[in-house]
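Chemist: Listed here are the chains, written in short residue letters.
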Amino acid sequence: MRFKAGIQNINTFNKFTASLASLSPVAWVRLDETEVRFTVIPEQGTQVWSVLSIETIFEQYTIQSAADNVVNLEVPLPSLQRALKSALNATSANIRLTKKDGLPILCLTIVSTSNAPNQFSAFGSTASRDDGPSYDDSQISNVTDGLSRHRETIITQDIPVRVMSMANVQGIHEPRCREPDVYIVLPPLLQLKSISDRFTRLAMTSRASASGGGGTASSSSSGPKLEMSANMHGCLRLGIRTDAMNISSVWTKLSNPDLDPAVVEGGDEGVLQHPSTRMKELGDAEGRSEEGWATVRIDGRDWGKVMSVGRLAGRVIACFCHEHALILYVYLSNSDEDRDVSVLTYYVSSYSP
Amino acid sequence: MSDVSDEDDPDRPLFTAVSSSARQLHALLRCINFGPKAQVQISAEGLRFSVEESSAMEGLAFLDKSLFTTYQFNAPPPPSSASSNHSTPTDASEDTTTVPTFEISLSALLSTLEILSTTPSLAPAGRDPYSAIPSRNPYLSTPTAFSPHTLGLPSICTFHYPHAGSPLLLTLSEASLNLRTTAELTTYVPHSEEDIPFARDAVMAKIIMRASYLLDGIVEIASTNPDKVTMSVSSTHPFFSLSSAGDLGSAVVEFARGKDGNRRRDPSDPFDQDGDEMTGGADGGGIARAAGTDKPPPLLETFQIARKTRISQTYKFSLIYAAARALAVATKVSVRMDREGVLSLQLMVEVDTGTGVGAKENGGAENVERGKMQPKVCFVEFRFVPLVAGDREDEGDDDDEEEEGEGAEGSETEEE
Numbered sequence: 001m002r003f004k005a006g007i008q009n010i011n012t013f014n015k016f017t018a019s020l021a022s023l024s025p026v027a028w029v030r031l032d033e034t035e036v037r038f039t040v041i042p043e044q045g046t047q048v049w050s051v052l053s054i055e056t057i058f059e060q061y062t063i064q065s066a067a068d069n070v071v072n073l074e075v076p077l078p079s080l081q082r083a084l085k086s087a088l089n090a091t092s093a094n095i096r097l098t099k100k101d102g103l104p105i106l107c108l109t110i111v112s113t114s115n116a117p118n119q120f121s122a123f124g125s126t127a128s129r130d131d132g133p134s135y136d137d138s139q140i141s142n143v144t145d146g147l148s149r150h151r152e153t154i155i156t157q158d159i160p161v162r163v164m165s166m167a168n169v170q171g172i173h174e175p176r177c178r179e180p181d182v183y184i185v186l187p188p189l190l191q192l193k194s195i196s197d198r199f200t201r202l203a204m205t206s207r208a209s210a211s212g213g214g215g216t217a218s219s220s221s222s223g224p225k226l227e228m229s230a231n232m233h234g235c236l237r238l239g240i241r242t243d244a245m246n247i248s249s250v251w252t253k254l255s256n257p258d259l260d261p262a263v264v265e266g267g268d269e270g271v272l273q274h275p276s277t278r279m280k281e282l283g284d285a286e287g288r289s290e291e292g293w294a295t296v297r298i299d300g301r302d303w304g305k306v307m308s309v310g311r312l313a314g315r316v317i318a319c320f321c322h323e324h325a326l327i328l329y330v331y332l333s334n335s336d337e338d339r340d341v342s343v344l345t346y347y348v349s350s351y352s353p
Numbered sequence: 001m002s003d004v005s006d007e008d009d010p011d012r013p014l015f016t017a018v019s020s021s022a023r024q025l026h027a028l029l030r031c032i033n034f035g036p037k038a039q040v041q042i043s044a045e046g047l048r049f050s051v052e053e054s055s056a057m058e059g060l061a062f063l064d065k066s067l068f069t070t071y072q073f074n075a076p077p078p079p080s081s082a083s084s085n086h087s088t089p090t091d092a093s094e095d096t097t098t099v100p101t102f103e104i105s106l107s108a109l110l111s112t113l114e115i116l117s118t119t120p121s122l123a124p125a126g127r128d129p130y131s132a133i134p135s136r137n138p139y140l141s142t143p144t145a146f147s148p149h150t151l152g153l154p155s156i157c158t159f160h161y162p163h164a165g166s167p168l169l170l171t172l173s174e175a176s177l178n179l180r181t182t183a184e185l186t187t188y189v190p191h192s193e194e195d196i197p198f199a200r201d202a203v204m205a206k207i208i209m210r211a212s213y214l215l216d217g218i219v220e221i222a223s224t225n226p227d228k229v230t231m232s233v234s235s236t237h238p239f240f241s242l243s244s245a246g247d248l249g250s251a252v253v254e255f256a257r258g259k260d261g262n263r264r265r266d267p268s269d270p271f272d273q274d275g276d277e278m279t280g281g282a283d284g285g286g287i288a289r290a291a292g293t294d295k296p297p298p299l300l301e302t303f304q305i306a307r308k309t310r311i312s313q314t315y316k317f318s319l320i321y322a323a324a325r326a327l328a329v330a331t332k333v334s335v336r337m338d339r340e341g342v343l344s345l346q347l348m349v350e351v352d353t354g355t356g357v358g359a360k361e362n363g364g365a366e367n368v369e370r371g372k373m374q375p376k377v378c379f380v381e382f383r384f385v386p387l388v389a390g391d392r393e394d395e396g397d398d399d400d401e402e403e404e405g406e407g408a409e410g411s412e413t414e415e416e
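Protein chains in written order, with UniProt numbering: chain F, 1 to 353; chain W, 1 to 416.
Excised from the complex, chain F in its bound form (with noise of 0.2 Å):
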C-alpha cells in the first residue's frame, strides 16, 4: 500500500480540513486514482460528503494497493489541520503513507525557507521550535548554506491513521433523499453566517434568561433551532422565534439554478414533473406570500459550524426537502467554466416543529 503525494494548495487544504473538523474529530478518507474523498459522519448533526479532485490538493500523486489501487484511512483531523497549519509558509510540503514503530501514520514533510539577516536567523530555528507542543513527533533539522543567507527548515509531522478494510467501509453509504422541492444558490456563506450566528446567540441569551421559569429544560446540549425556508423565486428565509421576538431575514435576487434534464431521472418529463417545476408556480420573488416556501428546522450552532466552510468562499448550492431536509452543494470553484468537479456535500436533517 502506497501513498505519496506534494501539497499543492496548503492554504486550500487547511481551510478545508478546519471546516471538517468542526463538525468532527475524525473523517473517512477514500484515495484512489482519479480522487480523494473527505467523509465526516458525527454521531450527531451534519454529515458531509466531499470529493476533491487531486489537483486541488496534491500534485505528484501516487497511489498503489492490493484493491485496486484505493486507500481508505481514518485520519484524525485535529492532528492533520494542525500539521497543515506549520505548513501555511512553507515553499513545499509532502505527504506520504508510512509505518513508525509498526503503526500506520501519514507523514507531512514541510519545507520551509527563510531569508532573514544573519543575526536574526539563530532566531527563525529556534523560534519554530519554541512552538513546540504542536511539534511533538516532529524533527526539526536545518540545512545551512554557507555562502548565502537562506536557511532550509525541515519539518516532519507524524499524524497516526488508521488503515480501513474494504469491510469496514462497506457498510458506509451516502444518504439518500427524495427529490428536493427548491434548488437556491445561498448567499455569501460569511454574510449567511454572521446573522445566523446572531440569531442563534440572541436565542440562547432570551433562553437562559428564561430558563429561571423552568421552561424547555429538555435541549440543554442542542441549540435553538433556526428556521430557514426557500422559494422558486430567489428568496431565502432565515428565521427564529423566541419569547421575545420573532426575527427573519430575507434575501431576495438569488438564482435559482435550472435542472439539467441529461442528469434528471425521466429527462425533460422527468423535470416537468419535478417538485421544484411545482413549486415554480408558488411564491413571488419579493418573498412577500406564504407560498411556495419549503422549509426546514435546524440547529442553530450545528449550522454555525456547517457554515465555517465559508472560508473556502465557493459556489453553495442548497436543496431544500420541505420539513425533512437540507443538503448544500458547496463548490471549491467559483466559475461555472471551471471543470473542476471538487464538491463538498453537507447533508443537514430537519427538526420536527
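Everything labelled a hint here was simulated from the structure, so no lab data went into it. On a predicted model such as this, the values are computed, not experimentally measured, just so you know. Be a bit skeptical, because a hint or two may be false.
Per the computed footprint, the stretches of chain F lying under chain W, defined by three or more beta-carbons under 8 Å from a beta-carbon of chain W, are [as the list claims (entries may be wrong)]: (1) 200-206; (2) 233-247; (3) 251-260.
From the three backbone atoms N, C-alpha and C, an ideal C-beta is built for every residue, glycine too.
With chain F held as given, fit chain W onto it using these hints.
Modeler: Same frame as chain F, but now just chain W:
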C-alpha cells in the same frame, strides 16, 4: 379594536419612523443595556427608552425625532372624547395625552439593530474572500471602501407600531445586498410608568466633567470590589470625591477643582439646553470644545454647590458601575444630586451621523464644517436612589482651597 373616529384612516398606524442609520440608535441604546426590558414611550418629539433596575436605578435614552429621516406619530384620540362610550380599558391615567407605553426586550432590539449597524461582515464578498472574515472586535471592524456606508447606500431601518398592544415591527433593509430583516418585538404591559423622581428645582450640587475622568474614578474604586460607593461634594477641598470600602480595603478618589475652577456658571454648559425634560438631538457638538481653547479646561468644568456645605450620599456600587459602559462612550457627564440625594448622571454622547444621509442640518452648525462628518449630540441619563436618604455630614475637614495638581486625575489614597 374599538371604533375609530371618522377622520382617521383605520389602517393608519399609531407610529412609524424611518432611520437611515441603525448604528446611531444602537450606540445610544447600548448605553442603557443593563436590564432585560426597556420601557418605551412614543411621543411627538421622539422615542423615550427607560430601563430600570430594582427601583433603585434608572437609565433613560431619548431618541429624538431628528435622528430619524421620517417620524410620524399619530396620537390616539384622548379617551375622554365622545367616542369613549365603550369602556376603553387603556389605563386609569387621567392625562390629557395618551402616550403609548410598552415594554420590549432590550437585548432583542439591540441585536436587531446590530445586524445592520455592524456592517463590515455584511459587505459583499470581494475578490479576496478572506478579507471578509467578520471581526469580533467592533473597533477593529472599520468599514471598507466597499461597505454600504462608505458608498452612501443607506441601510434603512423602519419602526412600525400599528396599534396599542401590537408587536413593534422593525424592518431593516440593505438594498445593496437584497437583504431585508424583519423583527417582531413582543410588547409587554409596562410594570410602572413612574420614573425615579429627580427634583430639578432642588439641585444641591452640580458638576460637569469629562466622562472619562469619572469613569477612571469608578474603575479605580471597582478594584476594591465594594458594595457601596459614597459620593461627596463639598465647597472646600476635597471638592468631589468617590470613596468606598470593600473586603480588599478602601479607596478614595478625589477630583481636584483646579485653579481656575470658579463658581460662575460656565457659559458653554452643554447641559443647559435641556430644560426639564431630556431633549436629545441638539446639534452643535462643537460648543463643548469651544471652551478652553488656550489652556486645558479644569478637571471639573462646572462646579456648583447650593451651600457652603458638604453633601455626601451612598449608592449601591454595582448600579453605578452599570453606567460605566455608557461613560466610556460619552464625552461629558453632568453629575447632579437633589435634596433627597437622588443622583442624576447626564451623559453627552456624540453619535456619528455616518455619511450624513438624513442628518438634519439646522442652525448652530457654524463651528462645524459643512459636509464633514458631523457628530450629533444626544443625551443619556441615569438616576440612582441613595441607599441612606438624607445622610448629611458637617463641614469639610480640610480647608485646602488652592489645590495643587490641576488637570491631574485627582489623588487616590489607600487606607488600611
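Chemist: Does each hint fit the structure? Answer for all of them.
Modeler: Structure-based check of all given hints:
1. 200-206: With 4 residues closer than 8 Å to chain W, the region 200-206 of chain F meets the three-residue bar; holds.
2. 233-247: Holds: 6 residues of the region 233-247 of chain F have a Cβ under 8 Å from chain W.
3. 251-260: holds (count 4)
Checked against the numbered hints listed earlier, the structure breaks none of them; every hint is satisfied.
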